[in-house]
Amino acid sequence: AQKITQTQPGMFVQEKEAVTLDCTYDTSDPSYGLFWYKQPSSGEMIFLIYQGSYDQQNATEGRYSLNFQKARKSANLVISASQLGDSAMYFCAMREGRTGGFKTIFGAGTRLFVKA
Amino acid sequence: GAVVSQHPSWVICKSGTSVKIECRSLDFQATTMFWYRQFPKQSLMLMATSNEGSKATYEQGVEKDKFLINHASLTLSTLTVTSAHPEDSSFYICSARGGQHENIQYFGAGTRLSVL
Numbered sequence: 001a002q003k004i005t006q007t008q009p010g011m012f013v014q015e016k017e018a019v020t021l022d023c024t025y026d027t028s029d030p031s032y033g034l035f036w037y038k039q040p041s042s043g044e045m046i047f048l049i050y051q052g053s054y055d056q057q058n059a060t061e062g063r064y065s066l067n068f069q070k071a072r073k074s075a076n077l078v079i080s081a082s083q084l085g086d087s088a089m090y091f092c093a094m095r096e097g098r099t100g101g102f103k104t105i106f107g108a109g110t111r112l113f114v115k116a
Numbered sequence: 001g002a003v004v005s006q007h008p009s010w011v012i013c014k015s016g017t018s019v020k021i022e023c024r025s026l027d028f029q030a031t032t033m034f035w036y037r038q039f040p041k042q043s044l045m046l047m048a049t050s051n052e053g054s055k056a057t058y059e060q061g062v063e064k065d066k067f068l069i070n071h072a073s074l075t076l077s078t079l080t081v082t083s084a085h086p087e088d089s090s091f092y093i094c095s096a097r098g099g100q101h102e103n104i105q106y107f108g109a110g111t112r113l114s115v116l
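Heads up: the sequence lines are chains A and B, in that order.
When we follow the numbering used here, the leftmost residue of the first sequence carries the number 1, and every step to the right adds one.
When we follow the numbering used here, the leftmost residue of the second sequence carries the number 1, and every step to the right adds one.
No wet-lab data here; the hints were simulated from the structure.
There may be inaccurate statements among the hints.
Derived PhoX-like pairs: lysine-lysine, alpha-carbon spacing no greater than 20 Å straight-line [to be verified]:
(1) Lys103/A / Lys55/B
(2) Lys64/B / Lys20/B
(3) Lys73/A / Lys3/A
(4) Lys14/B / Lys103/A
(5) Lys16/A / Lys103/A
Chain A is nowhere near these chain B residues, computed Cβ spacing over 10 Å in every case [as the list claims (entries may be wrong)]:
(6) Leu26
(7) Glu52
(8) Ser54
(9) Phe91
Residues of chain A placed beyond 12 Å of chain B at every Cβ, according to the derived structure [unchecked claim]:
(10) Met11
(11) Gln14
(12) Lys16
(13) Ala18
(14) Thr20
(15) Ser28
(16) Thr60
(17) Arg63
(18) Gln69
(19) Lys70
(20) Lys73
(21) Ser80
(22) Ser87
(23) Phe113
Every residue gets a Cβ at the ideal spot worked out from N, C-alpha and C, and that includes glycine.
With the hints as extra help, turn the sequences into a complete structure.
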């Protein structure tokens, strides 16, 4: 069974608008971490934001915020004021605790296109 | 954020030769390093996890004799693709976590391997 699901293979957003990239996860471990990474065409994986399973508040990092809905097991990434440089592949990832061997697994990714 | 350096960024080799890829954490001590493989337009697939000074833990289906991983120090891990064949051609990317960056995995820029 898929542990990380990103249902949007591709998304378009107009420059300066906000966009939400969806991510749902599946785990029985009470302790886990959720991550979003950006991968531009150059291939490097750029860390964007982290949310711990016990964190009470949604994580924010500049224009990035993570909409953490624990009961629904979703961890959507919201990018505000989109810029042309935001065009890239975005991966949601989860690291489980002991039951998952502390490994980080990635979703299939969402390709974001920002239109001028 | 932390800096993870990966070299080389691109390598072309003949079938049957071995290729070594280096991954260094430049400004933190990486107690755990990870090696991933990424096929075109696909997500990252975890190959193995290594802790400093101990043998790597390989994921199911990954040949440990084909992909030799050494994590000899807290700042360096190497992946050697032995007797490379065209089907080993791929994008290999390392990541590391540790020290003050225990929660976050930081990634190298990746190595594109082409085996002729």
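Evaluated hints:
no., hint, in the structure
1, Lys103/A / Lys55/B, "holds (16 Å)"
2, Lys64/B / Lys20/B, "holds (14 Å)"
3, Lys73/A / Lys3/A, "holds (11 Å)"
4, Lys14/B / Lys103/A, "violated (33 Å)"
5, Lys16/A / Lys103/A, "violated (36 Å)"
6, Leu26, "holds (14 Å)"
7, Glu52, "holds (15 Å)"
8, Ser54, "holds (14 Å)"
9, Phe91, "violated (6 Å)"
10, Met11, "holds (16 Å)"
11, Gln14, "holds (25 Å)"
12, Lys16, "holds (26 Å)"
13, Ala18, "holds (24 Å)"
14, Thr20, "holds (20 Å)"
15, Ser28, "holds (20 Å)"
16, Thr60, "holds (16 Å)"
17, Arg63, "holds (16 Å)"
18, Gln69, "holds (21 Å)"
19, Lys70, "holds (18 Å)"
20, Lys73, "holds (19 Å)"
21, Ser80, "holds (20 Å)"
22, Ser87, "holds (15 Å)"
23, Phe113, "holds (15 Å)"
Checked against the numbered hints given earlier, the structure breaks hints 4, 5 and 9 and satisfies all the rest.
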